[in-house]
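Listed in order, the protein sequences are those of chains E and P.
The numbering used here numbers the first residue of the first sequence as 333 and each following residue consecutively.
The numbering used here numbers the first residue of the second sequence as 333 and each following residue consecutively.
The reader is advised that the hints may include incorrect statements.
The list treats identical chains as interchangeable, and a pair is accepted whether it falls inside one copy or across any two copies.
[To be verified] Only pairs whose alpha carbons sit at most 20 Å apart, straight line, appear in this in silico SDA-like list of lysine to any residue:
{"#": "1", "residue 1": "368", "residue 2": "469"}
{"#": "2", "residue 1": "368", "residue 2": "402"}
{"#": "3", "residue 1": "368", "residue 2": "524"}
{"#": "4", "residue 1": "368", "residue 2": "506"}
{"#": "5", "residue 1": "368", "residue 2": "345"}
{"#": "6", "residue 1": "368", "residue 2": "337"}
The hints are simulated quantities; they were obtained by calculation from the structure and are not laboratory data.
These figures come from a predicted structure and were not determined experimentally.
The primary structure of each chain is shown beneath.
2 protein chains.
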Amino acid sequence: MADVPSMDALVALLRRLPGIGPRSAQRISYELLVRKRDLMPQLAAAFQQAHAVVRFCERCNNLSEAPLCAVCRSEHRDRSILCVVESPADLRAIEDTGVFVGEFFVLMGHLSPLDGIGPEALHIDRLSARLGETDLREVIFATNPTLEGEATAQFLAGLVPDGITISRIARGVPVGGELEYVDRSTLGRALHGRRLLDE
Amino acid sequence: MADVPSMDALVALLRRLPGIGPRSAQRISYELLVRKRDLMPQLAAAFQQAHAVVRFCERCNNLSEAPLCAVCRSEHRDRSILCVVESPADLRAIEDTGVFVGEFFVLMGHLSPLDGIGPEALHIDRLSARLGETDLREVIFATNPTLEGEATAQFLAGLVPDGITISRIARGVPVGGELEYVDRSTLGRALHGRRLLDE
Numbered sequence: 333m334a335d336v337p338s339m340d341a342l343v344a345l346l347r348r349l350p351g352i353g354p355r356s357a358q359r360i361s362y363e364l365l366v367r368k369r370d371l372m373p374q375l376a377a378a379f380q381q382a383h384a385v386v387r388f389c390e391r392c393n394n395l396s397e398a399p400l401c402a403v404c405r406s407e408h409r410d411r412s413i414l415c416v417v418e419s420p421a422d423l424r425a426i427e428d429t430g431v432f433v434g435e436f437f438v439l440m441g442h443l444s445p446l447d448g449i450g451p452e453a454l455h456i457d458r459l460s461a462r463l464g465e466t467d468l469r470e471v472i473f474a475t476n477p478t479l480e481g482e483a484t485a486q487f488l489a490g491l492v493p494d495g496i497t498i499s500r501i502a503r504g505v506p507v508g509g510e511l512e513y514v515d516r517s518t519l520g521r522a523l524h525g526r527r528l529l530d531e
Numbered sequence: 333m334a335d336v337p338s339m340d341a342l343v344a345l346l347r348r349l350p351g352i353g354p355r356s357a358q359r360i361s362y363e364l365l366v367r368k369r370d371l372m373p374q375l376a377a378a379f380q381q382a383h384a385v386v387r388f389c390e391r392c393n394n395l396s397e398a399p400l401c402a403v404c405r406s407e408h409r410d411r412s413i414l415c416v417v418e419s420p421a422d423l424r425a426i427e428d429t430g431v432f433v434g435e436f437f438v439l440m441g442h443l444s445p446l447d448g449i450g451p452e453a454l455h456i457d458r459l460s461a462r463l464g465e466t467d468l469r470e471v472i473f474a475t476n477p478t479l480e481g482e483a484t485a486q487f488l489a490g491l492v493p494d495g496i497t498i499s500r501i502a503r504g505v506p507v508g509g510e511l512e513y514v515d516r517s518t519l520g521r522a523l524h525g526r527r528l529l530d531e
């Protein structure tokens, strides 16, 4: 509103967040200013605090408040298996499954020549160092099943030293999904990657 | 994440905003922490600033950074017409139409006995004072076309002094809508409230 520049500034910033359009940004601002004023100083403090203390793990790029993240600090992880993911959110999704006991490396993106994202942006030097550690036996590429994710996995596979197993997470029908509604290319992948029933 | 309490705190606060569920709150937090870190101090400052300077107009309850809002300060508004709305967002929606030249009164809610919102919560004293101003000729109730909005308009109409015209915004088919998809009660209203073609 012409009269309330502080609100306009807030709306403009909120619109830059993912999934928040102009209407949502306005609705959130009104809700805060009219009904939830106490939340504003709390949000301000939370943003400041997160900005000040959250950084990236020096070993794997995961989000952390310490030099090494919880996974890298743990003494209960299997250092012989390395899972390469695109983002800290992907890392968390895999952690939430509870089935992976190895370590991670977060690329912080994927190769995307059109956007000018080449190998140097993906922390290749540190990944190479990690791939050279002596107890490593398997690298799992868990990049997204997108064109860019596949290309990134293909490219990075070339950096893995001989003798180390290279794998890719399985692509197939999502658990709980109905075949009728699964897209053709996923269903094709699922047929192609079929497993023996007793495996 | 167990390891990043500042992020968990941020996610928890974001979830309290309208339209933001647990997944969105996490997605926003990751986006900020990984790709848009510069936005965090800006957001913190914007929340602090808005919290500090945005208040309610002393005359109409609209959001304002001055004691009186832009509408109430203006010398170009018709003080003989008062439009009663539920919220500052409703006021803005009406202002955005550009067709209303009168003044406003923002109730900051609607009657809702089940939620314990009685007349006293709707700034009835100040509305009564406003309704007593000598140059007032018409009061337009622009509360929402909901059960509570209608009940609120009905109740408040009883406070309007004799001799002042009382009106309600028209209910009917939305402009650009298709009759086939309009709900029965709206269509019924539209028929009931039909106007002569040359009006």
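Right, here's what the structure says about each hint:
1. Proximity of residue 368 and residue 469 under a CA criterion of 20 Å is satisfied in neither setting, with 53 Å inside one chain copy and 35 Å between copies.
2. When the C-alpha separation of residue 368 and residue 402 is checked against a cutoff of 20 Å, the pair qualifies neither within a copy, at 34 Å, nor between copies, at 23 Å.
3. In the homo-oligomer, the alpha carbons of residue 368 and residue 524 never lie at most 20 Å apart, since the shortest distance is 53 Å inside one protomer and 40 Å across protomers.
4. In this assembly of identical chains, residue 368 and residue 506 lie within 20 Å of each other by CA distance neither inside one copy nor across copies; the values are 40 Å within and 31 Å between.
5. For a Cα distance limit of 20 Å, the shortest separation of residue 368 from residue 345 qualifies both inside one copy, at 18 Å, and across copies, at 11 Å.
6. Taking the shortest alpha-carbon separations for residue 368 and residue 337, only the intra-copy value of 19 Å comes in at or below 20 Å, while the best inter-copy value is 23 Å.
In the structure shown, a violation is registered for the earlier hints numbered 1, 2, 3, 4, in ascending order.
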